[in-house]
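*Asks:* Sequence:
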Amino acid sequence: MTGSELPVGEDDLSALVDGRLTPERAATVEAYLAARPEEAARIQADRAIRAALRERLAPKAGEPVPARLRAAAVIAERRRIRRGRLRQALAACLVLLAGGTGGWFARDLSERFWGIPARPAPLPQEALAAHRIYTVEVVHPVEVKADQGAHLAQWLSKRLGRRLAIPDLEGVGFRLIGGRLLPAGRSDVAAQLMYGAQDGSRLTLYVRCGEAGRWDLRVTKQGEFASATWATGGYGYALSGALDPDRLMMVARAALSEMTGGG
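Residue 0 is where the sequence shown starts when you use numbering that gives the first Met the number 0, and the numbers rise one by one after that.
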């Protein structure tokens, strides 16, 4: 079937108005309109509007193209928009990552490398992410071991900006293994203390500065793990482990008592 034999459609009519048809196809469409006065009148009106616009805009044709419409400017704007969308997509991915073991790392990555301000992750979520990462370590579970207890307390206190009392939890079955520093947002840091029981289970006490608000002890479950959290004085605390909530709450009360001088 040749081009002139194809049925005439709306695309042909629009192309006729725009002057985009081949002479052969234009003749076919004109013959089609000759047999259809109403459609011919509509197309004639469209042609008149187009001609009027062309005449009215003719003086503009000789003017220089505005800077914002030049090719280089348009390309730069499109790149800027794409970068913004990429950052939004990355931010969405980081939200998902924050639910897993990469939560605190993803937040730090977003700020350091992409300039995306990240809201602090919920304390239990961040503490449990760090707990999962480091409690499986055998050779290097901590940066400073418990046999350097005085140095550990001094080091963490200095970095947190306040005196950190390291709780003794041997009375509830957990011996201190040691501790480490972790990133917590753009400028804040967190401390993680790790404890171990005779059966091999481990607990971590996560202390984060820059915590807004104050709340009493409460437990959050996340799969097989749970985290008992509290906040006071601009600091958040989270005791995390694979314990049942009642036992975890008991150990958390012991830790809180030790840290506040009530033990």
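Hints were generated in silico from the structure; no laboratory data involved.
Treat the hints with care, as some may be off.
Across the chosen pairs, the derived CB separations fall in these ranges [to be verified]: (1) R49 <-> R79: 16 to 26 Å; (2) G222 <-> G8: 19 to 29 Å; (3) A196 <-> R79: 11 to 21 Å; (4) D45 <-> T21: 28 to 38 Å; (5) L180 <-> R78: 18 to 28 Å.
Heads up, simulated SDA-like pairs for lysine to any residue below, C-alpha to C-alpha not over 25 Å straight-line [unchecked claim]: (6) K157 <-> M258; (7) K157 <-> A196; (8) K144 <-> G212; (9) K144 <-> D245; (10) K220 <-> K144; (11) K144 <-> R131; (12) K157 <-> M248; (13) K220 <-> R201; (14) K220 <-> G199; (15) K157 <-> R179; (16) K220 <-> V135; (17) K157 <-> Y133; (18) K157 <-> D245; (19) K144 <-> S156; (20) K220 <-> R162; (21) K157 <-> K220; (22) K157 <-> L180; (23) K157 <-> V141; (24) K157 <-> G199; (25) K157 <-> T231; (26) K220 <-> R161; (27) K220 <-> M248; (28) K157 <-> G172; (29) K157 <-> R246.
Just so you know, even glycine gets a beta-carbon here, dropped at the ideal spot from N, CA and C.
*Asks:* Look at each hint and say if it fits the structure.
*Replies:* Going through the hints against the structure:
1. Between R49 and R79 the Cβ separation comes to about 34 Å, which falls outside the hinted range of 16 to 26 Å.
2. The given range of 19 to 29 Å is broken by G222 and G8, whose C-beta atoms sit roughly 59 Å from each other.
3. At roughly 55 Å, the beta carbons of A196 and R79 sit outside the given window of 11 to 21 Å.
4. Between D45 and T21 the beta carbon distance is about 19 Å. The supplied range of 28 to 38 Å is therefore violated.
5. Against the hinted window of 18 to 28 Å, the Cβ-Cβ separation of L180 and R78 comes to about 38 Å, which falls outside the hint.
6. Distance restraint check for K157 and M258: the Cα-Cα separation of roughly 17 Å lies within the 25 Å cut-off, and the hinted pair is therefore satisfied.
7. Straight-line distance between C-alpha atoms of K157 and A196 comes to about 28 Å, which puts the hinted pair past the 25 Å bound.
8. Of the pairs offered as hints, the one joining K144 and G212 is violated, with about 32 Å between alpha carbons and a cut-off of 25 Å exceeded.
9. Proposed proximity of K144 and D245 is contradicted: the alpha carbons are some 29 Å apart, above 25 Å.
10. Note on K220 and K144: the hinted pairing is violated, with a Cα-Cα distance of about 29 Å set against a maximum of 25 Å.
11. The suggested pairing of K144 with R131 holds, with an alpha-carbon distance near 19 Å, which does not exceed 25 Å.
12. About 28 Å separates the Cα atoms of K157 and M248, which puts this hinted pair outside 25 Å; it is violated.
13. For the proposed pair K220 and R201, the alpha carbon gap of about 16 Å is at most 25 Å, so the pair holds.
14. The straight-line distance between the Cα atoms of K220 and G199 is roughly 21 Å, inside the 25 Å bound, and the hint therefore holds.
15. Distance restraint check for K157 and R179: the Cα-Cα separation of roughly 13 Å lies within the 25 Å cut-off, and the hinted pair is therefore satisfied.
16. Between K220 and V135 the alpha-carbon distance is near 19 Å, which keeps this suggested pair within the 25 Å criterion.
17. Among the hinted pairs, K157 with Y133 is consistent with the structure: their alpha-carbon atoms are about 22 Å apart, no more than 25 Å.
18. For the given pair, K157 sits about 33 Å from D245 by alpha-carbon distance, which is inconsistent with the 25 Å threshold.
19. For the given pair, K144 sits about 16 Å from S156 by alpha-carbon distance, which is consistent with the 25 Å threshold.
20. Proximity of K220 to R162 is assessed by CA-CA distance (about 29 Å); at most 25 Å being required, the pair is judged violated.
21. Using a Cα cut-off of 25 Å, the hinted pair K157 and K220 is violated, with the two alpha carbons roughly 31 Å apart.
22. Between K157 and L180 the CA atoms are separated by roughly 11 Å; this keeps the pair inside 25 Å, and the hint holds.
23. Using a Cα cut-off of 25 Å, the hinted pair K157 and V141 holds, with the two alpha carbons roughly 18 Å apart.
24. With a C-alpha separation of about 31 Å, the suggested pair K157 and G199 falls outside the 25 Å cut-off, and the hint is violated.
25. For the hint pairing K157 with T231, the CA-to-CA distance comes to about 18 Å; that is within 25 Å, so the pair holds.
26. Taking the CA atoms of K220 and R161, the gap is about 29 Å. The hint is violated against a cut of 25 Å.
27. This hinted pair checks out: K220 and M248 have alpha carbons roughly 12 Å apart, not beyond 25 Å.
28. Between K157 and G172, the direct Cα distance comes to roughly 28 Å. Violation of the 25 Å bound is thereby established for this hinted pair.
29. Distance restraint check for K157 and R246: the Cα-Cα separation of roughly 31 Å exceeds the 25 Å cut-off, and the hinted pair is therefore not satisfied.
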